[in-house]
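Going down the list, the protein sequences come from chains P and C.
Numbered by the numbering used here, the letters in the first sequence go through residues 1 to 180 in order.
Numbered by the numbering used here, the letters in the second sequence go through residues 181 to 811 in order.
In short, the hints are calculated from the structure, not lab data.
Take the hints with a grain of salt, since some may be wrong.
Claimed, not checked - Cut-off 20 Å, straight-line C-alpha distance, at most; resulting in silico cross-link-like pairs (DMTMM-like, lysine to aspartate or glutamate):
1) C/Lys632 - C/Glu616
2) P/Lys173 - C/Asp287
3) C/Lys264 - P/Asp144
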Amino acid sequence: MSKPKVASDWLCGCAGCHMSLLDIDERILQVVELVDLRATPITDLKEPDEDGVTVGILEGGINNTYNEEVAKKMRERCKILVALGDCAVFGGVPAMRNFFGAEAALQRAYVEAESNDENVKIPSSPELAEMTRVRAVHEVVPVDLFIPGCPPDADVIFYALVELAQGRIPEIKNENLHWH
Amino acid sequence: MIKLTIDGNEIEVQEGTTVLEAAEAAGLYVPTLCHHPQLTPYGGCRLCMVEVEGARTLQPSCTLPATNGMVVKTNTQKVLDARKFVLNLIFSERNHFCMYCQVSDGDCELQNRAYDEGMTHWDLQPNWQPFEVDASHPFMVLDNNRCILCRRCVRACGELVGNYTLGFEERGADSMLVADYNVPLGESSCISCGTCVQICPTGAIIDRQSAYQGKETEVDHHIGVCVECSVGCQRDVLTRDNRLIRIEGVWEAPLNHGLLCDKGRFLPLEDDRPRLLTPLVRKDGSLKAAIWDDAISAIAEGLGKGEGLAAIASTRLPIEDLALFKSVFADSLKAELVTTLEEGKATASLAKMAEKHGQSFESNLETLKDTDVVLSLELDLVDDHQVAGFFVKRQLTDGTKLIVADGKGNKLAEKASLKLDLEAGNEGSFLLKLHEAIESETGDEGFVKAAKILKAAVKPVIVYGQDFAANADDKAVETLVEISESLNASLVGVKGNANSMAASQLGLESPIKANGYKSAFIMLGDEEPSQKLVKQLEDVPFVVALSAYGSQLTGNADVVLPVTMWAEQSGTYLNMDGRLQKAVQALEVPEGVLTSRETLLKISEALSIEPETDWKTSITLRTPTVEIKEA
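Extracted from the complex, chain P is given alone in its bound form (with noise of 0.2 Å):
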């Protein structure tokens, strides 16, 4: 039997769950040996496979256009998905926004931030995503497994990536289930 094919990729959050996955140090020797790591963030390959992987792991909440697409298609294109992280699973700390609207966030980003200068402008071009409220990834595609926590242990990535490697759907639950 063929290893399981794992994919991963980041939508609105950052990066932190997948330094928490890197956090699990030299086992990551032991979950190549059980899984076929392909496309990731920190891997050459940015898509997953045309013909499908075992497990899709999205980290991040889903703040434009753009985003919905990516878990859209790794939702198609994986058996099992995983939202990895508090940003995934209920919006995270981008989802604060959302008590204020996209337009006030991108003005006090952009216009009023103190470190700007007197020619600042909301970037504005077709090329760029529209931006949407901050949801779940459930919100958008239906998720298998949640794994939360801000980020989520090493510990438990860790957990969860051999019993997925392995064909079971982990339990998270106990010490093993912090939100933060």
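Assemble chain C onto chain P, guided by the hints.
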């Protein structure tokens, strides 16, 4: 007795027990959020739903009375699904994003309940409506965004404290926690007791002093008696890495049941007086840093044989320290004056009465918690001994009548059914008139009214304060006891500081006269000396001060020894109703500082005195005003 079955266990409980209480008594776990053991069941959050055989729907166990033959199930799939659904609804209502909340990861009951149910995500996302945060209060932040509408704070403010500041405006999802008629909390009738902070299950009311300073998993607990007044509340001092984080009331404490006032909870953490960390000895007119041995020798030399010596101690110190102080200065050195900073004002007249009759005549504080008429004499329980005030205030809406007799501004009087004018110095004649009105229903209208109310009472309590004790003569106290006997009323004397009664039992209650002493030994501990005392000591040639903090008094002293403050020492306290309770050390003693007790022993050694250390006997040599018991 009622017999019911919960999860297959046969349980027998008293009539009036709720299903939740019955389940808990049987060691079964039912999750709750709006429920709190100190509050009347409310049934607001619906987390404690259980399945009852024969009932059409799930029932909230916190408000459901147990009945005979009832069959209850607490963990069926239906119940578990309902719990998760309830939690999902609560999370969806407002901003419950844990990653930016003060109480996340251990201190939040909502999050803990979600963890218990194994919730990895929310099925329903929030509706993203922000509400204004009220940060107008010096000690608390009120954040409706985090509120789950359980109304624990509102119920605690009314039911436990009797202050009725917090309430809700609007209905349903628009419900807003507000102070008074929606004014900023900092400008409201809030008395800063902090019960709402302690009882809030989420981050909706947070404590500014301890916010982000340490979570439950990171702090150490030190449970002991509060030393801010003579009520004797049990409190928990939370520390982290030898730093004070927060003070909380102990819910299980039989006296205060979790309540504290601002003096016990918030103000001790606001202390910014300059700390003394090294002994000081006056040389060539100015105070210079010295080593302990030199400072002790300077004291031994300066005090000499104790002629014309005044020794004064703080009643905030433990009994062990006060008893040792008495042994050294009264028994061994035979000082001219051995007393406390309180000078017995809050106790002497009453202690004399108990001693004269060889009998205690005061009751314990429990009587104040369950009474139908309270007569308060020269005492403002809104400002002083506040927790005892809560006991009274919270009963006023249930028909308990309050009669306030005072001659000066008294905030408790605003809540009184009857106010009587009691000029300081007229206690004797006031009580005689009241006694006459009780006996013969004649006299001034106010006295007759008061007598009527008091005579109609089943469990009347007469409570009196420091001013009354200071002003009343023997005759007045005698009349007070006669009144209590004819009414079958309980007497409660609130006394002064934490160890006011212990000082009285040790006989440390003489008045201080201005100057006229050859030397003075002032054991302040962490008490701030009054301006009056500074003046009284101005012309005393040799003054020793034991103090944790620098003050005008230590500045004028000839030898200053740095001692511990309340959090750095342990010891015993005798509260206003005779309970012996322990105060517990919470912080390490700073380098170069000693406790007042250790300092006294060093001085004894230098003076070749062998002091008595058996304080338990010393405090029982006089008949106490109220029976002394180990709490």
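Now the hints, each set against the structure:
Straight-line distance between C-alpha atoms of C/Lys632 and C/Glu616 comes to about 12 Å, which keeps the hinted pair within the 20 Å bound. Simply put, P/Lys173 and C/Asp287 have alpha-carbon atoms about 18 Å apart, close enough for the 20 Å limit, and the pair holds. About 18 Å separates the Cα atoms of C/Lys264 and P/Asp144, which keeps this hinted pair within 20 Å; it holds.
Of the numbered hints listed earlier, not one is contradicted by the structure.
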